[in-house]
Amino acid sequence: MVVAALLLPLLACTGPDSDSLTVFAASSLTDVLPALADAYEAETGIAVTAVYGGSNHLTGQLRDGAPADVFLTADARLLGRLETRGETVDFATNHLVVAVPAGNPAAVTGASDLARADMRVVVCAETVPCGAATARMGIVIEADSREISVRAVLSRLALGEADAGVVYATDVAAEPGVELAWPQPEACPCVVYAAAAITDRARSFIGFLTSPTAQETLALHGFSIGAPG
Amino acid sequence: MRPPRPVLAVATVAVVFLTLPVIGLAQRTPWSSLGDLLGRQSVVQPLVLSLTVSVAAALVIVVLGTPLAWTLARVDIPGRRIIRALVLLPMVLPPVVGGTALLFALGRRGLVGQWLDRWFGLTLPFTTAGAVVAAVFVALPFYVIAVEGALESGSDELEQMAGTLGAGPLQVLRRITLPRLLPAMGAGVALAWARALGEFGATITFAGNLPGRTQTLPLATFLALESDPEEAIALSLVMLTVSLAVLIPMRDRWLPGRRPSR
Chain A
-11 MVVAALLLPL LACTGPDSDS LTVFAASSLT DVLPALADAY EAETGIAVTA VYGGSNHLTG
49 QLRDGAPADV FLTADARLLG RLETRGETVD FATNHLVVAV PAGNPAAVTG ASDLARADMR
109 VVVCAETVPC GAATARMGIV IEADSREISV RAVLSRLALG EADAGVVYAT DVAAEPGVEL
169 AWPQPEACPC VVYAAAAITD RARSFIGFLT SPTAQETLAL HGFSIGAPG
Chain B
208 MRPPRPVLAV ATVAVVFLTL PVIGLAQRTP WSSLGDLLGR QSVVQPLVLS LTVSVAAALV
268 IVVLGTPLAW TLARVDIPGR RIIRALVLLP MVLPPVVGGT ALLFALGRRG LVGQWLDRWF
328 GLTLPFTTAG AVVAAVFVAL PFYVIAVEGA LESGSDELEQ MAGTLGAGPL QVLRRITLPR
388 LLPAMGAGVA LAWARALGEF GATITFAGNL PGRTQTLPLA TFLALESDPE EAIALSLVML
448 TVSLAVLIPM RDRWLPGRRP SR
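Taken in sequence, the protein lines are chains A and B. Our numbering numbers the first residue of the first sequence as -11 and each following residue consecutively. Our numbering numbers the first residue of the second sequence as 208 and each following residue consecutively.
Same shape as in the complex, but just chain B (with noise of 0.2 Å):
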């Protein structure tokens, strides 16, 4: 089929919006003294940080979010689709409402977090682990979406042939279930890591702010706007070329809609 050249005309015009911005950045950037700028403690310190809590941010919303999406998909328990709405809630909270949220219920006072600090001197706010956890909360539900889709419009014949040949519940979801759901964690992960990446609000709000343990590429781009604006294009671009060379090899291998290639 040829496609349609009005169809092809306002894809043009999305494609120019969202790039002209990454231009106008690479147009302001100091490219001379790039590598100088990229040297710096203050560039390499936020980026290691952020590789660090979005790695581990990646991994506890694998171990959290792979049995979630399966009970949504598979489980008919009551109250489904009010569970499914809280569990993305977080999408469309703006993250400073959710980093506040996160306080009153894991700082120091809030409604759990109290019990942490009495009983095991446990306290997130200040900490790395802090980072972590706003960063698990506001991405979350894009691993649970990309996952419960595939769970949902896969077919389950395979899953019940193999249980009607004798294989247990864990055995069916060891052999037949995960290796099958593999695409779509992939791209949840790839997803949800980089919302992780680029998360501010949430962390500002209940980690706080501080170089080396809580300040992430994101944090340490808005303050370095203020105070030496080529350093932060310098940061803005680590981000970017980050994401890329994640995304990128990611969208062969596993994002949905990949064609053979021609």
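Okay, chain A solo, but in the shape it has when bound (with noise of 0.2 Å):
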């Protein structure tokens, strides 16, 4: 009695809140939704609380039940898994580039150095996008560690830690301990973000997804928005 007394109002923390949105995110638009929240909650006076994690982990999240509204995922296919309302939408797209501690202490020149045996390299595991990604990309890379979200790549780069790693492009834009191992084309949209409703109220931010002024705030963070190809 005692114990459930104590946990029951913790309980009711969980229901559906009018004024607010949760939304569920895939890491590597950490850097990019706070700014879009904000143009959003500026429009409609909604606010928006973000969770930001692997998609494959925040998949299997929602679907143990999380209390989510909207879902922003780096696979669409992982949507597959879940009950979503309405349909999805993609806004914008994101490439992977071979990244390395600012300053290029080891001296990473081509792709050619991600296979060598000396250098350390860290890659995303397999299980999140954009894992799943460096391995489409088709070079080949003796990795030392295998991490569980691209910002975990990204912190193993600006701390120095690893001499290269494969990151989207925009987390090179927004880390400045971090810059491109060279100069390197838009090769892909390797990645394309889909936005699905959790539940009815989210529609709404659905739709100001593919707004000018979210795509400008997107494009802006290093994003490719329009049409993926």
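What the hints contain is simulated information worked out from the structure, not anything from laboratory work. Heads up, some of the hints might be wrong.
What the hints assert, rightly or not - Just a few of them, taken from the derived set where beta-carbon distance is under 8 Å, the chain A residues facing chain B:
#: 1; residue: 37
#: 2; residue: 48
#: 3; residue: 49
#: 4; residue: 51
#: 5; residue: 106
#: 6; residue: 115
#: 7; residue: 133
#: 8; residue: 134
#: 9; residue: 147
To be verified - Each pair of labels, with its calculated beta carbon distance range:
#: 10; chain 1: A; residue 1: 71; chain 2: B; residue 2: 316; range: 44 to 50 Å
#: 11; chain 1: B; residue 1: 225; chain 2: A; residue 2: 53; range: 36 to 42 Å
#: 12; chain 1: A; residue 1: 70; chain 2: B; residue 2: 230; range: 41 to 47 Å
#: 13; chain 1: A; residue 1: 71; chain 2: B; residue 2: 327; range: 28 to 34 Å
#: 14; chain 1: B; residue 1: 245; chain 2: A; residue 2: 172; range: 39 to 45 Å
#: 15; chain 1: B; residue 1: 435; chain 2: A; residue 2: 174; range: 52 to 58 Å
#: 16; chain 1: B; residue 1: 321; chain 2: A; residue 2: 164; range: 56 to 62 Å
#: 17; chain 1: B; residue 1: 316; chain 2: A; residue 2: 174; range: 28 to 34 Å
#: 18; chain 1: B; residue 1: 287; chain 2: A; residue 2: 127; range: 53 to 59 Å
#: 19; chain 1: B; residue 1: 316; chain 2: A; residue 2: 127; range: 23 to 29 Å
#: 20; chain 1: A; residue 1: 19; chain 2: B; residue 2: 287; range: 45 to 51 Å
#: 21; chain 1: B; residue 1: 296; chain 2: A; residue 2: 70; range: 37 to 43 Å
#: 22; chain 1: B; residue 1: 301; chain 2: A; residue 2: 127; range: 49 to 55 Å
As the structure is a computational prediction, the values presented were derived from the model and not from experiment. Note that the Cβ used here is the ideal one computed from N, Cα and C, for glycine as well.
Taking the hints as your guide, dock the two standalone chains into a single complex.
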């Protein structure tokens, strides 16, 4: 009884809140979502609470009933495992690049360096979208660690623990401690971000993501916008 | 004395609470394909690595922790309370923070790590040794607490007597203190080893995640949960079995509070 009395008020905290939306977002959206949320709140007065994580991990949580209104995933295929409301919307794309700590201390100059045993290379685990996309890049990588999110790879580079790593172009733009290993053209839109409504209240946010304001913000953070190719 | 009913009732609730998740795990286990799952390289490899890492960590912990516990319990050093608080810090520090702190200290650009790299070409992150370091960091306090407690509660009359009879300090330590300390050391090792076996956060942030090198059972389980839940359950069962197999015999021999069997 005492235990129940202690826990019940905490359970009540998860109920829906009419003037706020909970958004589950792929961790590569960490830098851009706060700006999007601010713009959305300015337009609608609805506050956004963001929860970041690997898209697969978040999918698992949503399947187990985590209280979210919107899911922004870096892998649209994951949505097949969820019950969503209405149509899903592709709202931005991103591509992978080979990045190094600022100053390129290990002098990485080309893709062949990633296969060298003496080079410390860090990539995403294949269970997260950036890792699956890395595997599709078609370069031979002798990895020293497979991290559970792209932010972890980025942190390894920023801390100088790794000589090179594969991250999103937007991560390089956002993190001053990290730079492109060599000039890399926008090879492919390897990752397409899809937005899905988990509750009916979420539809206006989904619509907002393709509005000019939101698309401009995304472009400013280095995402590719428009119809994904 | 007849045990009071309300106490028994609450104790039962607590036991049910602790065992329910294990039952949940067991009822989702694909028993028919378990044999096949357990033979997989992706299960065997992290198991072997986890045993290696946790046993190595336990050895380091005994070597480092025993003198530390003895000093904290027996030597009147200034600032002892502060030192003790610092020693116990890893118990309350979130392991992920501990792992990051280890990077700042022992990483390639860390406070000490940069010199290890420059002078000896040694770097700990992304190596099995790094996984051992992470495990030692989080598990050492469990051992120190157990041993220090025993040293403090055990009276030192025998030791003083041996001293007056002409035994040197090291002889007293070897012949009197250590033998009487063995049960507490056993209990401390069991606790610390179990903590090292389950270590996740500090390992993944400090040592990284590479199969065969730094991917221990908890890391493999976490990753498998997203790609292959049945394998994750198999990995969890392996951990459960290994720790029970070690802790149950230890409980009888070493852990405090044992009673003669009735």
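field: C-beta pair residue 70 of chain A, residue 230 of chain B: status relative to the range 41 to 47 Å that was hinted
entry: 28 Å, violated
Cβ separation of residue 287 of chain B and residue 127 of chain A, checked against the hinted range 53 to 59 Å: Taking Cβ atoms as reference, residue 287 of chain B and residue 127 of chain A lie about 56 Å apart, which means the hint holds.
task: Mind checking the hinted window 56 to 62 Å against the Cβ distance between residue 321 of chain B and residue 164 of chain A?
output: Violated, at about 21 Å.
- request: With respect to the beta-carbon atoms only, verify the hint that residue 435 of chain B and residue 174 of chain A lie 52 to 58 Å apart.
  value: Between residue 435 of chain B and residue 174 of chain A, where Cβ atoms are some 34 Å apart, the hint is violated.
query: For the pair residue 71 of chain A and residue 316 of chain B, does the Cβ-Cβ distance stay inside 44 to 50 Å?
result: 46 Å, holds
- request: Confirm or reject the claim that residue 296 of chain B and residue 70 of chain A have a C-beta distance inside 37 to 43 Å.
  value: Check passed, 41 Å falls within 37 to 43 Å.
Status of the hint placing residue 115 of chain A at chain B (closest C-beta pair under 8 Å): 4 Å, holds
field: Status of the given 28 to 34 Å range, CB of residue 327 of chain B versus CB of residue 71 of chain A
entry: 56 Å, violated
- prompt: Does the hinted range 49 to 55 Å hold for residue 301 of chain B and residue 127 of chain A at CB?
  reply: Cβ of residue 301 of chain B to Cβ of residue 127 of chain A: about 36 Å, so the range 49 to 55 Å is violated.
query: Given residue 37 of chain A as an interface hint, is the shortest Cβ-Cβ distance to chain B below 8 Å?
result: Nearest chain B Cβ about 21 Å off; hint violated.
- prompt: If you check the beta carbons of residue 245 of chain B and residue 172 of chain A, does the distance land in 39 to 45 Å?
  reply: 43 Å, holds
field: residue 19 of chain A versus residue 287 of chain B beta-carbon gap, inside 45 to 51 Å or not
entry: 46 Å, holds
Of the numbered hints given earlier, the model fails hints 1, 3, 4, 5, 11, 12, 13, 15, 16, 22; all others are met.
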